[in-house]
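Quick note on numbering: the sequence shown equals residues 553 to 1249 in the numbering used here.
Watch out, some of these pointers could steer you wrong.
Claimed, not checked - No farther apart than 20 Å at their CA atoms in a straight line, the calculated lysine-lysine pairs in the PhoX-like style are these:
{"hint": "1", "residue 1": "Lys963", "residue 2": "Lys974"}
{"hint": "2", "residue 1": "Lys614", "residue 2": "Lys905"}
{"hint": "3", "residue 1": "Lys852", "residue 2": "Lys873"}
Note that these hints are calculated values from the structure, not bench results.
Keep in mind that this is a model prediction, so the values were computed, not measured.
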Amino acid sequence: SSDSVSTEGDMLIRAVTPLHAVLNQPEVKFQQPLEQLLCQRRAFNSLSWVALGLLFAVAEVKGDPTILPNITVGLHIYDSCISGIQALGSTPPLLSNQPQPTPNFSCGPQQLLLSPSTWLSCSLFTESLSLHLPSFLCTVLSNAHQPWVLAQLLSHFNWTWVGLVGADNGNFEWLDQQLQEEMRHGDGCLAFSKIISPGNSISSTARTTASSPAARVIVCDCYRFHVRLPGEEWTRRMWIFSTSFFYDPLVLGPRAQELLNGSLVLAIHSGVMPGFEDFLLALCPAIYPGNSLMRKLWEKLQGCRLPASTPSTQSARDATKHCTGLESMTAAHLSVFKLSDLTATYQAYVATKTLLAAYQNLVSCAPGEGPFLHSINAKKKISLMTIYILLRLFKGQLDGANDSDSPTCQKCPEDQWPNLGKSQCIPQTLDFLSYHEPLGTVLVVCTALLFLLTLAILDHTPIVRANNHQLSYLLLASLGLCFLCPFMFIGHPGPLTYAVSQAASGVTFTVCVSTVLAKTIMVVAAFHATQPNAKIKKWVGPVLPSTVPIVCSLVQAALCMFWVIGWPPRPVNLTEPGSIATVMCDEGSLELFYAMLGYLGLLGLVSLLVAFPACRLPDTFNEAKHIILSTLVCSCIWVSFTPATSSHGKDIVAVEVFAILASGAGLMSCLFFPKRYIVLLHPEKNTREPMLGRHHL
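Generate the whole structure from the sequences, applying the supplied hints.
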C-alpha cells in the first residue's frame, strides 16, 4: 500500500510493524461489507523506529560482500497501526504478494517461499511449544520468566503484600497463578488481582485502591494505552510494570512521566548498533523512492514539504518552504530519534541480521564442513530439551562423527537399535509375556490349579455313571489339554510354539464343545427312545456319543492343519522406535483364523439350540440346564474379551490366555461342580435310589 515501506530484491523479507498510531476502525455490524480500515496519525516513536532497524540491517547486508553474495535482499514492511485486526489483515497480502488479499490463490509472479516466522515479542512461548511450531522464532525473552523475576524483585525490597492488575489478554490468569506460586517461596502473597476491562485505563483501578488499606505495591501487566490521564492517586502506590508496558518517553506526556517517576519497569534487553547514526545521517527520500515513510520522516526532520505530497505532520503543515529531498542531515536532526532508547529498533535489527546470517549458513553449508557455530560436538553436555529434539530427529540412527567425523548418520536395521554412545547397532530387547513377571506367574498358577482339578475323578458312583460317564471322561480330558495350552503362549516365543499354539487351543476346545453337543443329543435321544415304536432307539448306544466328538473334531483339525501347513502363524517383532521390540503374533491367514473361531461358535450355537427344548424333559439326571448355562457362560466370556483383542504386544497374549482359562473353567464349573457337590458334601444322595426317584439334581 501507499503506507508500506518496500525495497525490491531477489530475496524478500516481509514484516508487519506499526507505522501509524491510530486505526480508524468502523463498527462491525455484519450486515454489509466492512469499510476499508484507515491508519491515522503517523507514529514517530520508538515503535515506528522498528522499520528503521529493519532497513539498517538490510543495508548492512547489502554492503557486506561476505553475506549472501550475488543475492539482493529486499524488504516489504506492512503497517499494523498498533492494531491486531490490521496486523492480521496484512497477512494475506504478505503471503499472496498482492496489495489486496486473495484467499486460496497465489497470485504473485514468483513462487513464495514460506520462511521461518520471527517475532519481536513473545507472550508465553516455551521450548515445548517450539516443538510443535519449529518455524516460530522469538528474539526476546518469553514472558514465562516474568513471574520469577517479579518475585525476586519483590523479595529484594521485602515487599510481601502486593496487588496485581493486568490487561484482559488471555495471560492474566496464568500470571496470577504463577506469581502467587513464586511469591510463596519468599513468604509473600497477593492482596488482590484485578483485570482491566477493555477500553478502560488503570486510573479507575488506582482510584479504587487508593482509599483502601490494601497493598501499597501494585504489579501491572498492562500496555501503554492503559496509562492515560493519570491522577494524583497514582502517587499513593508503588507501581511495577511488566515488559508489556514498553516505556517510551515519546508516548507518555510530561504529566504522566512526573506521576510515574519512581516506578519500576522490566525492560527488554537493548544494545548498540554500530553505524546506525551514520545510516540515519545518510537517509534521504531518493534512496527509497516511493516510500511514504521516508517522505513523511524527511518532512518532519527538515520542517518542509516535499513536492506532490500531502502534509501529514504538524511541522509539515506549518512549513512555508519546500524541500527537494537532497538536503543534508545533521546531528541536530537526530534528536527526534531519542537514540538513548532504541530497544524496539535494536530487536528488529538483531532479528533481521540473525535471519539473514542463518540463511547465509544454509546457502554456503557443505556436508562435513559447515559453517558451524562454536565447533559443535554431540559429545558435549547439552540440555534435556536439546537431547529430546535430537532423539526425535535421529531415532534409530548412528552418529558417524564418533568414529570418522562423518557428516551423515547410518540407519540401524529394523531389529537393532544404537547403543548409548551411538557408535554401534545392538539387538533390541524382546518384550514378551514372561514366567518371571507377576502377570505371567499368576497365569501359570491358575493354569496349573485348573489342570489339577481335571485329574480329580471319582468313578463307580451312581451319579457319575448315570450321566454318560464316557463323555464326561472325554470332556475332562479335553479340558485338561485345554488348560495346558496357555503354557505355549507364556514364555519366550519360538516359531514352533507360535505355529501350533492357536491351532492346539482351537482343536482341544472344539473337542470340549463337541462333547457337550454329544451329551445334549444323548439327553434328547434317551428321552425319545422311551416312547413306543420310536425309531431313534437304534441310535441310543455307544456309537452316537463317540461319533459326534470325533466327526466335529476332525473337521476342526483338518481346518487347522490346512492353516498351519499353508499359512502358519509366526512371531514378528513390532519394531517401533526404541530399544525394546514387542513380539507380536502374525496369524498368517486371518481368514482361516476367524474360520476356526467361527466353527467353534457354530458348535456352541447348535448345542444351545438343542439343549433349550431338552431342559424341560422329565428326567432325574437331565443335564440340559447345565449345558445351557455352560454354553451361555462360554459365549459371554468370548464376547466380553472381543474388544480387548484390539490391544497390542503381550497384552493380547494375556487376553487370549484369560479367555482360554475362563471358558474352560466355565464349562467345568457348570457341568461338574453340581455332581462334585453331591459327591463330596452330600454322599447320602449319591446312591441308586435317589437317582431313580423324583429328586432332581
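Practice item. Against the structure, test the hints numbered earlier, and report the numbers of the ones violated in rising order. Key: Going through the list in order, the structure violates no hint and respects every one.
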